[in-house]
Amino acid sequence: MAIPHFIAMLLFSLLVSVAFAALSKDAPRDRLIYGAKVFAAFVGVAILLGWLMNLVPR
Amino acid sequence: MAKRAVVEEIPVKTKAAEAARPALGRLVWLCVAAWAVPGLGHFLLRRKWRALILFASIIVMFLLGLTMKGLFFAAGSASYLESLGYFGELCVGVAMPIARFFGYSGGDPFFVSSDYGTAFLVAAGMLNVLAVLDTYDIAVGRKL
Numbered sequence: 001m002a003i004p005h006f007i008a009m010l011l012f013s014l015l016v017s018v019a020f021a022a023l024s025k026d027a028p029r030d031r032l033i034y035g036a037k038v039f040a041a042f043v044g045v046a047i048l049l050g051w052l053m054n055l056v057p058r
Numbered sequence: 059m060a061k062r063a064v065v066e067e068i069p070v071k072t073k074a075a076e077a078a079r080p081a082l083g084r085l086v087w088l089c090v091a092a093w094a095v096p097g098l099g100h101f102l103l104r105r106k107w108r109a110l111i112l113f114a115s116i117i118v119m120f121l122l123g124l125t126m127k128g129l130f131f132a133a134g135s136a137s138y139l140e141s142l143g144y145f146g147e148l149c150v151g152v153a154m155p156i157a158r159f160f161g162y163s164g165g166d167p168f169f170v171s172s173d174y175g176t177a178f179l180v181a182a183g184m185l186n187v188l189a190v191l192d193t194y195d196i197a198v199g200r201k202l
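For the record, the sequence lines run as chains R and L.
Residue numbers are given in the working numbering: position 18 of the first sequence equals residue 18, and the series is strictly consecutive.
Basically the working numbering = 1-based index in the second sequence + 58.
There's no promise every hint is true.
What the hints assert, rightly or not - A partial selection of chain L residues facing chain R, derived with a Cβ cut-off under 8 Å:
id: 1; residue: Ala81
id: 2; residue: Arg108
id: 3; residue: Ile116
id: 4; residue: Val118
id: 5; residue: Met126
id: 6; residue: Val170
id: 7; residue: Leu185
id: 8; residue: Asp192
It is worth saying that the hints were derived from the structure and are not from the lab.
Beta carbons are placed, not taken as given, at the ideal position from N, Cα and C, and that holds for glycine.
Take the sequences, apply the hints, and build the full model.
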């Protein structure tokens, strides 16, 4: 099954951030906050790097 | 004065941790179980929610990797990166031989999502390594 690259990146970020949150924090609320931060960081950095690479001449 | 009190506390904590430390055989069994099935080590340590979250996230990641026709690397590859990839994928436990048993041929390098699938497969193995290390830390009392 071909998954669009952006969706694949979102899925990867979601699953890794869920696992990181489960491993790093004990309380459910802390897990939720930490997982959301990691997910946002993954997606934000990926979009930023994508735009930066767009500036590189092909 | 406060510094002295802290220094005195450390040996007490260490002794308590050593007393609660499980036998080597049980530690090895827990780590092997955690490697073989993601989350099983935490389940055996009665961390059921953590076990469920880890199992679901790692297995879903592995299945997505298979869906995207990610590559299974070979052990005896001439490339160091492929050998590392093999060990990374092996870290996911029995899921890899099970996928082979059910007919997964090892991916299709010409498929459009194959590179992403391979990244998912290796990342699932790496997350399982973290889960094994977490199991060990909980078992020896370093972590709750």
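Do the hints match the structure? See the list:
no., hint, result
1, Ala81, "violated (25 Å)"
2, Arg108, "holds (5 Å)"
3, Ile116, "holds (7 Å)"
4, Val118, "holds (6 Å)"
5, Met126, "holds (6 Å)"
6, Val170, "holds (5 Å)"
7, Leu185, "holds (5 Å)"
8, Asp192, "holds (5 Å)"
Consistency with the previously given hints fails for number 1 only.
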